[in-house]
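Enquirer: Here the sequence shown is numbered in the numbering used here, starting from 555 and rising by one per residue.
Among these hints, one or two may not hold up.
Quick list of simulated restraints, FRET-style, between CB atoms [to be verified]:
1. Thr631 with Met692: 31 to 37 Å
2. Glu612 with Gln642: 28 to 34 Å
3. Glu613 with Pro687: 30 to 36 Å
4. Asp699 with Leu650: 19 to 25 Å
5. Lys628 with Glu681: 31 to 37 Å
6. Glu691 with Glu659: 14 to 20 Å
7. Met692 with Met714: 28 to 34 Å
8. Ala639 with Thr569: 32 to 38 Å
Quick caveat, the hints were computed from the structure, so don't treat them as lab data.
Beta carbons: idealized from backbone N, C-alpha and C, even for Gly.
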Amino acid sequence: MTSTHAEIDRSHLGTLSVLAWIGDPADGHDIPYLLAYSLGDGPGGPEKGEEAARALLEEIGLPIGDVVLDGTLKPSTFPVQVLLAGNQVALTLPGLNARCVAPPEWVAAAEDSEQVYFLFGTRAWPEAVPGRPVTAEMLQAYAGDEAVLTGSAHCVLRVMRMQR
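Throw the hints in and build the complete structure from the sequences for me.
Expert: Written out as structure tokens, the structure is:
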């Protein structure tokens, strides 16, 4: 039996957004997190967006679920890249890129550890529109949701910096 993968219509992803956050360093949670998600505003709505996200992750070799890939071993050949320039974070995946502004504590933690924990959520998050504040409660409701976590790809990525 053979199967073929249809070309992914990436327009169904809609707007790809990225959010950088860090846990409370006072509680020992100084890991910089980077979350990519769709707003669900593609032509097929959130359902088609989730299908497109799952197909994209499969195409580039990122498993969905509780497997955490280590992208720090061979960062130049890993399909996801993170570039930090000042407080600007650029996320690059094959055929896609997104940017965000990171808070100072995130930048400091990313520079110290030279890596970030990356999640690509397949479920749309229409409330987290770029340019509008995301509260801790909103973040917890999305990123802390078990269905979101098990429906996401997880990996640790090396942080690359702009050469000066």
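Enquirer: Each hint: holds or not?
Expert: Hints versus structure:
no.: 1; hint: Thr631 with Met692: 31 to 37 Å; verdict: holds, 35 Å
no.: 2; hint: Glu612 with Gln642: 28 to 34 Å; verdict: holds, 29 Å
no.: 3; hint: Glu613 with Pro687: 30 to 36 Å; verdict: holds, 33 Å
no.: 4; hint: Asp699 with Leu650: 19 to 25 Å; verdict: holds, 23 Å
no.: 5; hint: Lys628 with Glu681: 31 to 37 Å; verdict: holds, 36 Å
no.: 6; hint: Glu691 with Glu659: 14 to 20 Å; verdict: holds, 19 Å
no.: 7; hint: Met692 with Met714: 28 to 34 Å; verdict: holds, 29 Å
no.: 8; hint: Ala639 with Thr569: 32 to 38 Å; verdict: violated, 22 Å
Hint violations for this structure: number 8 only, all remaining hints satisfied.
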